[in-house]
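As given, the protein sequences belong to chains W, D and X, one line each in that order.
Going by my numbering, the first residue of the first sequence is number 1, and it counts up by one from there.
Going by my numbering, the first residue of the second sequence is number 1001, and it counts up by one from there.
Going by my numbering, the first residue of the third sequence is number 2001, and it counts up by one from there.
What the hints contain is simulated information worked out from the structure, not anything from laboratory work.
Treat the hints with care, as some may be off.
[As the list claims (entries may be wrong)] Straight-line Cα separation of at most 30 Å, DSS-like style, residue types lysine-lysine; simulated pairs:
id, chain 1, residue 1, chain 2, residue 2
1, X, Lys-2087, D, Lys-1002
2, X, Lys-2087, D, Lys-1037
3, W, Lys-211, X, Lys-2088
4, D, Lys-1002, X, Lys-2088
5, X, Lys-2113, W, Lys-211
6, W, Lys-2, X, Lys-2087
7, W, Lys-211, W, Lys-309
8, W, Lys-309, X, Lys-2088
9, D, Lys-1037, X, Lys-2088
10, W, Lys-309, X, Lys-2087
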Amino acid sequence: MKRIFDIALGILAAIGGFVDIGDIVFNVAAGAMFEYQLLWVVVIGVGAIITYSEMCGRVAVVSQHAVFDAVRERLGFGVGLVALVGAQLINLLTLAAEIGGIAVALQLLAGLPYRVLLFLAFIAVAVVVWALPFGWIERVFGYCGLAMLVFAVAAIKLHPDWSQVASGFIPSANTSDPAVYGYFVVGLIGAATVPYEVYFYSSGAIEEGWKPKDLSVNQSNAIIGYTLGGLLSCSLMIMAGALFFPREITPETLGTAALGAQVPLGEIGLLLALVGILFAVGGAAIDTVFSGAYNMAQFFGWEWGKHRKPVEAPRYTIAWMVMLVLGFLIVFTGVDPIKVTEFSVIFSVVALPLTYLPILLVANDRTYMRRYVNGRLANLFGIGYLVVILLVAVAAIPLMFLSNMGQG
Amino acid sequence: MKLSELIGLDVSTESGERLGHVHDVRAELTSRSVDVKGILVGRIGLLERLGLGAPHSTFRRHGQDLLPWSAVVRADRRGVVVRDDAKPR
Amino acid sequence: MTEIDLGLSLLDHQLIDSEDLRCGKVDDLDLGSLREDPPTVQAILAGTPAWRNRGRIGRLAASLGGGRIVRIPWEDVESVESAVHLKKAAHELGLARGEDRVRRFVAWIPGAK
Chain W
1 MKRIFDIALG ILAAIGGFVD IGDIVFNVAA GAMFEYQLLW VVVIGVGAII
51 TYSEMCGRVA VVSQHAVFDA VRERLGFGVG LVALVGAQLI NLLTLAAEIG
101 GIAVALQLLA GLPYRVLLFL AFIAVAVVVW ALPFGWIERV FGYCGLAMLV
151 FAVAAIKLHP DWSQVASGFI PSANTSDPAV YGYFVVGLIG AATVPYEVYF
201 YSSGAIEEGW KPKDLSVNQS NAIIGYTLGG LLSCSLMIMA GALFFPREIT
251 PETLGTAALG AQVPLGEIGL LLALVGILFA VGGAAIDTVF SGAYNMAQFF
301 GWEWGKHRKP VEAPRYTIAW MVMLVLGFLI VFTGVDPIKV TEFSVIFSVV
351 ALPLTYLPIL LVANDRTYMR RYVNGRLANL FGIGYLVVIL LVAVAAIPLM
401 FLSNMGQG
Chain D
1001 MKLSELIGLD VSTESGERLG HVHDVRAELT SRSVDVKGIL VGRIGLLERL
1051 GLGAPHSTFR RHGQDLLPWS AVVRADRRGV VVRDDAKPR
Chain X
2001 MTEIDLGLSL LDHQLIDSED LRCGKVDDLD LGSLREDPPT VQAILAGTPA
2051 WRNRGRIGRL AASLGGGRIV RIPWEDVESV ESAVHLKKAA HELGLARGED
2101 RVRRFVAWIP GAK
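Same shape as in the complex, but just chain W (with noise of 0.2 Å):
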């Protein structure tokens, strides 16, 4: 019964774990745009970022390879150390855009000045990240990003077109301009796949302490929560669909996301919808400040992890702060938080391949994984994620222009 207890409450968490703020801004403006047409393209991203999640698990717990030991054994120094500046860069940017959104959030929830929210979502991220053990972390800000479940029984509330809705599942393209289209094809999968999510997966599951016998519930967990949380962000699209497409209305802030929730449901509405995007986002905040200092201790071969004390892992404290400082600066400097989300996004999927590609590798590995090796469904996956991946990377930069950043 215990095992049934946590499973549910593994689950429960990677659901509200899930969204962050790039899937908000994202899901919330295709909805806007282009009402149910893009909902085959959440499917896709959920899709690939399940294979590569569950083979980063895999690859982790049975190698004891986190993400940025397998990029540096596999594309050697110079190039990994090339994947090492740009993840870096782009975490940095995610960061920024995510304490933005926390402080977003705050300001609606509570009304101070922006600038002053935004040192109190610097200041809460350091003492949670300093203070909390992993494990809490993970379940406080999991669970009470569950709140955002409240966008899923909007969307129900809004009486979609259920017919429309499910023909969004199957790709189509009505539309007078392509680019835009497939700037939110882009920023859709980018979205679902940003690669803090699987530097801090794999490093997690070292963190936690996982063995390969726990191998099959861990990853079921994940493989269930992420498909529950893929649902989440198509509510997130159906709502705006329902809401927003009909009134042309563009969404602008998160403040016309949380609305979505405040139509159908009143004040209740916003609330959880507001508590919601403040765990979901900070939470994201979080995962991200850890990435940047996984990836620095991954690569160069330092002591890391919330499994050791701060003396223990100097140089991997210290690189967190340092990342968390640099990203509030940024956020700081009164760049809009929703544009910073869209160029992070866009850049995560162009160096996504550089990621996901020394995994599959490892994956493959008999030395490393022994019994645990890739079987034909995970490379199935695997290969033809990493072709899509490619493709979307290719496309990324220059729809980014032709679009007008989505503007058309």
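Given chain W, put chains D and X in place with the hints provided.
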């Protein structure tokens, strides 16, 4: 010589035929030492560095040759020279 | 008796000391004289200056960093798995000195220990 200096060196036969570059060094790991057994020579660099030719890798790459160390005539910063009759495995 | 490819299975792999501490990566290997029959791996080389031979980017990175090259004789290697396990503690071998240099910036904060 360091491994990083050996990898990437030109490999040619005594009579001057270019065979490619050193992609990796095959060795035998014993309880006391690591003894060099041969060099992996090939033309395309990137795939080798990605580990597609390793003994235990699922993707086994063809077109990469293992030259036994006994076939090496000379190895220094200028390159690796092997006997004309060196048989790749 | 196992066959390994040095670049694939040793180079850039994690070093773990006798107390299970991560203490750097294998930045290069010293093969000694190639006139030996056969040549053997004499030592592991670790440290920023060792990146000088790891391509153009390695040279650039080496010039930006400091530190010394640490030479770990092969006799100090316990085993080679996905990481390279060493027989001695990091400090005995001169590894992980970067941690010592920055530890004081972290140690003063409550909860660091």
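Here is how each hint holds up against the structure:
Distance restraint check for Lys-2087 (chain X) and Lys-1002 (chain D): the Cα-Cα separation of roughly 23 Å lies within the 30 Å cut-off, and the hinted pair is therefore satisfied. Note on Lys-2087 (chain X) and Lys-1037 (chain D): the hinted pairing holds, with a Cα-Cα distance of about 25 Å set against a maximum of 30 Å. For the hint pairing Lys-211 (chain W) with Lys-2088 (chain X), the CA-to-CA distance comes to about 26 Å; that is within 30 Å, so the pair holds. For a cut-off of 30 Å, the pair hint linking Lys-1002 (chain D) to Lys-2088 (chain X) stands: about 23 Å separates their Cα positions.
Distance check on the hinted pair: Lys-2113 (chain X) and Lys-211 (chain W) sit about 27 Å apart at the alpha-carbon level, within 30 Å; holds. Proposed proximity of Lys-2 (chain W) and Lys-2087 (chain X) is contradicted: the alpha carbons are some 42 Å apart, above 30 Å. Between Lys-211 (chain W) and Lys-309 (chain W) the alpha-carbon distance is near 22 Å, which keeps this suggested pair within the 30 Å criterion. Restraint check for Lys-309 (chain W) and Lys-2088 (chain X): the C-alpha separation of about 22 Å stays at or below 30 Å, so the hint holds.
Between Lys-1037 (chain D) and Lys-2088 (chain X) the alpha-carbon distance is near 28 Å, which keeps this suggested pair within the 30 Å criterion. The straight-line distance between the Cα atoms of Lys-309 (chain W) and Lys-2087 (chain X) is roughly 24 Å, inside the 30 Å bound, and the hint therefore holds.
Consistency note: the structure conflicts with earlier hint 6 alone.
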